[in-house]
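Taking the hints into account, I'd like the entire structure generated from these sequences.
Taken in sequence, the protein lines are chains A and B.
What the first sequence shows, in numbering that gives the first Met the number 0, is residues 0 to 636, in sequence order.
What the second sequence shows, in numbering that gives the first Met the number 0, is residues 0 to 636, in sequence order.
All clues stand as given, with none of them false.
Which copy is meant is left open, so a pair is good if it fits within one copy or across any two.
Each computed EDC-like pair below joins lysine to aspartate or glutamate, with the alpha-carbon atoms no more than 20 angstroms apart: (1) 158 - 146; (2) 110 - 159; (3) 125 - 141; (4) 282 - 379; (5) 179 - 159; (6) 63 - 27; (7) 629 - 465; (8) 158 - 112; (9) 400 - 252; (10) 138 - 122; (11) 158 - 371; (12) 158 - 370; (13) 171 - 604; (14) 63 - 34; (15) 119 - 276; (16) 35 - 22; (17) 179 - 367; (18) 114 - 146.
Note that these hints are calculated values from the structure, not bench results.
Chain by chain, the residues:
There are 2 protein chains.
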Amino acid sequence: MDKKVLSQKSIDSTCQSMIKKAEDEGIETIWDRLEKQQPQCGFGELGVCCKICMQGPCRIDPFKVGAQKGVCGANADTIVARNLVRAIAGGTAAHSGHAKHLAHILSKSAKGEFKDYPVKDPEKLKAVAARLGVDIEGKNNEELAREVARLALEEFSEKEGPNLWAATTVTKGRVDTFSKLGVVPGGIDSAISEIMHRTHYGVDADPVNLLLGGIKCSLADYAGCHMGTDLADILFGTPQPVVTEANMGVLKENAVNIALHGHNPALSDIIVQVAAEMQDEAKNMGASEGINLVGMCCTGNEVLMRHKIPPLTHSVSQELAIITGVIDAMVVDYQCVIPGLANLLDCYHTKLITTMPIAKISGAQHMELNEENARECAGDIIKTAIDSFGNRKPEKVNIPKEKNTAIAGFSTEAILGALGKVDSEDPLKPLIDNIVNGNILGVCLFAGCNNAKVPQDHNFVTMVKELAKNNVLILATGCGAGAFARYGLLTPEATLEYAGDGLKAVLTAVGEAAGLNGPLPMILHMGSCVDNSRAVDVAVAVANKLGVDLDKLPVVASAPEAMTEKAISIGTWAVSGGLPTHVGVIPPVLGSDLVAEVLTVKTKELVGGYFIVETDPLKACEKLLEAIKKRRQGLNI
Amino acid sequence: MDKKVLSQKSIDSTCQSMIKKAEDEGIETIWDRLEKQQPQCGFGELGVCCKICMQGPCRIDPFKVGAQKGVCGANADTIVARNLVRAIAGGTAAHSGHAKHLAHILSKSAKGEFKDYPVKDPEKLKAVAARLGVDIEGKNNEELAREVARLALEEFSEKEGPNLWAATTVTKGRVDTFSKLGVVPGGIDSAISEIMHRTHYGVDADPVNLLLGGIKCSLADYAGCHMGTDLADILFGTPQPVVTEANMGVLKENAVNIALHGHNPALSDIIVQVAAEMQDEAKNMGASEGINLVGMCCTGNEVLMRHKIPPLTHSVSQELAIITGVIDAMVVDYQCVIPGLANLLDCYHTKLITTMPIAKISGAQHMELNEENARECAGDIIKTAIDSFGNRKPEKVNIPKEKNTAIAGFSTEAILGALGKVDSEDPLKPLIDNIVNGNILGVCLFAGCNNAKVPQDHNFVTMVKELAKNNVLILATGCGAGAFARYGLLTPEATLEYAGDGLKAVLTAVGEAAGLNGPLPMILHMGSCVDNSRAVDVAVAVANKLGVDLDKLPVVASAPEAMTEKAISIGTWAVSGGLPTHVGVIPPVLGSDLVAEVLTVKTKELVGGYFIVETDPLKACEKLLEAIKKRRQGLNI
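Printed below as a string of structure tokens:
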């Protein structure tokens with residue numbers, strides 16, 4: 000990789016300018032803290048450090064000179080596997096905690112207890128209910144919502160049958176494969192507990208058995224993600240394409256800027272609704288442009304997809320938003336909201352408002368979402384932001400100019416809708432025909448976070464340009480999708496500039512048919528990280544139509560700047576789903592040859608998918624293209 | 000502490016002789032591995048190392064020179080709190096996984112699917128059902144078992160009300176305190192998932208909020224423990240006092256020695272039943288004394304309490320059992336079964352047999368318990384052990400001679416039964432009267448593991464002698480109880496030798512009334528680590544009778560050689576239950592002054608209980624005695 004790029008903290012010029020501002024103002028950011036952490040612990044990086052009991056911490060000497068076993072006798076294979084599957088449990092708990100929260104909201108809403116959460120998309124409600132086996136005939140929204148919510152909450156519980164959300168949304172081939180391996184999850188919370196039990200002192204010491212447990216838990220994670228998507232669509236609407244702008248240039252000096260940050264739309268969607276009614280209140284306080292909502296991370300993706308709220312910035316650059324000096328309030332729910340934000344509150348006027356009982360931050364203001372009176376809570380929060388507008392420190396204000404147009408909102412339903420404009424009888428046909436004829440070489444799903452160890456967005460941007468050139472259609476979610484938005488890559492223009500001829504022709508045909516006067520974006524922004532489930536829905540539809548299983552499709556995935564435990568759980572279910580899955584950072588598994596071998600080779604035999612670990616983005620593209628071509632050969636196309 | 004003692008690995012002479020044998024034979028044991036791990040990572044020991052995301056590992060410099068924040072901005076307080084509450088989740092998952100396993104067995108047994116698990120104690124079944132609010136009138140065992148099992152399984156699930164097992168077994172005062180703090184758990188698995196979610200990257204960064212989450216999860220752990228005890232009693236019988244012998248001298252050269260190791264009696268209880276019928280088979284293979292079952296760790300406690308199977312050894316000395324050369328099979332279920340056991344299989348003839356799907360060990364033989372045919376499985380396992388008898392290596396055989404008489408089996412019911420011999424109208428009266436008159440100064444529950452960092456059993460034995468001398472009645476569970484058994488401390492003789500005059504008088508009166516011709520043991524062995532719930536039942540009964548809450552009683556707890564995550568979760572619920580709770584090893588929390596302060600001081604204000612960390616056993620006794628005396632003053636007694 001280019002050394003100049005490697006030395007950068009972010010390839011985003013708005014971020015670069017804010018990093019410079021931070022340096023000038025003597026403000027610490029995530030990159031400074033990463034630097035202060037150097038050198039990082041090599042044992043931890045290799046995954047061979049174990050802190051599970053109080054006889055430890057133990058560590059295995061990777062040079063094979065010192066200790067090769069922990070106090071209990073666990074070797075590197077067992078320790079690495081235990082740590083890895085605990086990370087999968089962490090990711091699963093996060094995604095499914097989000098889904099469970101929405102399930103409770105849907106349940107109470109259907110019972111009339113939460114008046115601010117009516118069913119917004121009755122069609123999606125019906126579709127989900129039918130898929131879950133609910134008899135939908137003659138039932139009204141409330142009845143269906145009650146049944147879906149009940150089934151959803153049951154999915155977390157101790158149960159004997161397979162997890163319904165997982166079982167009803169994948170191919171029959173996958174179900175068979177998972178059954179054969181004994182990795183079909185029941186309740187989601189049960190799967191998490193099982194991992195915590197089997198990784199306890201003196202329980203599972205067989206690394207392969209542990210990794211199979213990890214696969215099972217990752218499938219519970221998949222179920223949680225899919226449920227999160229389904230329930231958000233039911234409650235807040237299924238996304239359809241929207242055009243907006245992205246990057247820090249969307250901030251307005253004369254508006255009350257409120258950043259919506261976190262993952263769950265339970266509060267942010269209500270804030271969007273209420274803010275529309277409070278524009279005058281802001282104007283009365285001197286904000287001539289009223290209230291300007293902007294999005295961050297996956298909460299940003301949720302409100303982008305449904306309300307075209309412009310995405311501001313993502314993941315590692317979240318502190319930089321505050322450093323612009325014009326964020327009057329940052330309203331956070333949970334996940335990927337770093338405590339570093341609170342360190343900035345002494346220097347900037349921003350109100351950092353935590354809203355969830357399980358996610359407080361020392362130094363932030365806590366205004367808890369009470370779902371019974373969600374609109375009132377949202378109003379209070381917006382009022383706090385409006386009050387904060389008057390406290391700006393003019394000498395700190397510096398809004399980067401850059402922003403780019405971005406088209407997002409590509410739910411599965413939206414994609415099928417666009418394809419339906421080409422062939423209304425058989426919407427999948429144009430996609431499949433073009434995969435078969437090679438106009439589309441394959442499909443790659445980009446997911447996952449940024450990681451301060453990688454120059455922000457570098458791997459994402461480098462890879463999509465290379466893959467698009469090679470006629471690979473890109474699906475994107477999470478912070479990766481946000482990055483593409485900020486660089487203007489979610490536009491017809493980007494398709495014209497970067498896509499290979501075949502891909503360009505297809506996207507143009509679909510775009511024209513859909514009345515866009517130009518091609519579809521080469522990257523379809525599908526939403527937040529739980530919305531990786533949408534990509535699975537597309538792949539499953541294609542697989543079922545072709546009559547093959549997922550592990551035969553020319554579909555791959557990449558988390559080129561992976562960072563969280565959620566990324567590990569998603570990556571594991573992508574592999575389990577049959578996808579060759581690239582990871583662009585070194586996961587903490589290299590301390591065990593056996594675990595590394597299982598993840599990158601053996602899983603291919605077991606589930607068809609496998610991990611590709613490659614830190615160089617262009618080399619990663621080569622490997623993904625190779626995998627796609629191999630899959631095409633397998634299908635004789 | 001005496002330097003000579005400190006340099007010892009175990010104060011148990013049988014262990015010492017086996018350690019010497021291991022050294023002579025060039026065999027590695029847990030203590031060798033601990034030595035090879037020196038120096039252990041100081042960051043990990045202080046709890047300031049974080050591996051939760053792939054930007055790490057991060058560590059906070061305890062000398063305050065280097066990094067004070069992780070990459071995300073988390074400081075030492077947040078990191079220490081996150082690590083600690085994840086440990087509580089691990090412990091909870093283990094205990095409650097055990098309980099859940101029994102709940103499934105009871106459920107299927109009641110449905111007629113598992114023929115080998117009839118209800119053994121219908122009285123206990125009725126009592127538990129009634130406590131849970133089941134209308135027991137006119138229902139047969141199967142009906143009651145079905146209802147109790149259903150309620151039990153529901154306790155793991157996502158649910159809105161409080162956890163039934165926790166709410167129905169503590170004082171009203173505790174329920175109020177927990178409600179006020181917002182720490183009443185619902186489903187057990189939900190509580191575990193919530194901890195995994197809130198400790199995920201970018202979720203909870205408020206150490207106090209995290210610790211309250213830890214308390215909530217620990218109460219779920221308590222519920223799991225209590226359920227584990229209740230269901231085991233229903234399925235396998237409520238223990239009554241038994242007399243047996245303990246320590247390695249119980250091994251027999253001319254018998255097939257089968258060690259039952261782990262925690263869950265689901266298999267071991269069946270093995271006990273089936274072995275009785277297979278004595279001749281063993282004799283036919285040349286084992287003139289037939290089959291000799293011995294117990295290890297908490298599976299050992301379960302079969303000791305119900306079938307007077309002699310306890311062999313515990314925790315850190317588990318490898319030494321194999322080193323005797325006469326263990327023909329070690330049959331393990333889960334928890335505290337160290338992978339180090341498998342390293343011995345090259346040198347000794349022992350068959351190491353894993354039996355649970357979530358707990359395999361590379362190198363061991365896996366013979367999975369199929370509960371539908373549990374007796375058949377047990378028979379196959381015993382056959383394997385009998386076959387193994389013929390493969391002994393005579394040159395490796397060395398059975399230590401030492402063994403001691405031990406009285407165990409003190410379930411709550413058994414204790415009340417013994418007291419009822421003194422006052423059949425009001426069994427608690429003699430206990431309460433003697434606490435009030437000072438014959439019994441207080442009560443101390445000894446729980447928890449051994450830890451290779453402490454000379455095995457030294458803290459346990461030193462402390463009980465000192466406390467008994469001061470008229471403190473001892474309750475014991477787990478490996479601590481096992482230690483007391485091995486040293487002959489569970490005997491009338493020990494009472495005569497060590498108990499103070501007041502305590503001796505009471506125990507003699509109760510013992511005589513119960514027809515023992517001598518005093519009760521000064522230490523009442525209540526069972527395995529889930530059976531710490533039995534001690535709570537006794538304390539709750541006393542508190543209710545006195546009309547005060549648990550945090551007013553002169554009752555304390557100690558885990559003087561704590562090691563596992565289970566010990567952390569039990570310790571946390573003991574503190575939450577209002578008990579001053581001693582820990583004899585340094586838990587990984589000292590990297591945060593705030594967390595240490597909360598655990599040792601602030602919790603006193605919140606819940607009445609608090610941690611006392613003291614590695615010197617005699618100083619620990621001073622502190623516990625002081626706490627007991629303060630409580631007595633509070634009660635004006």
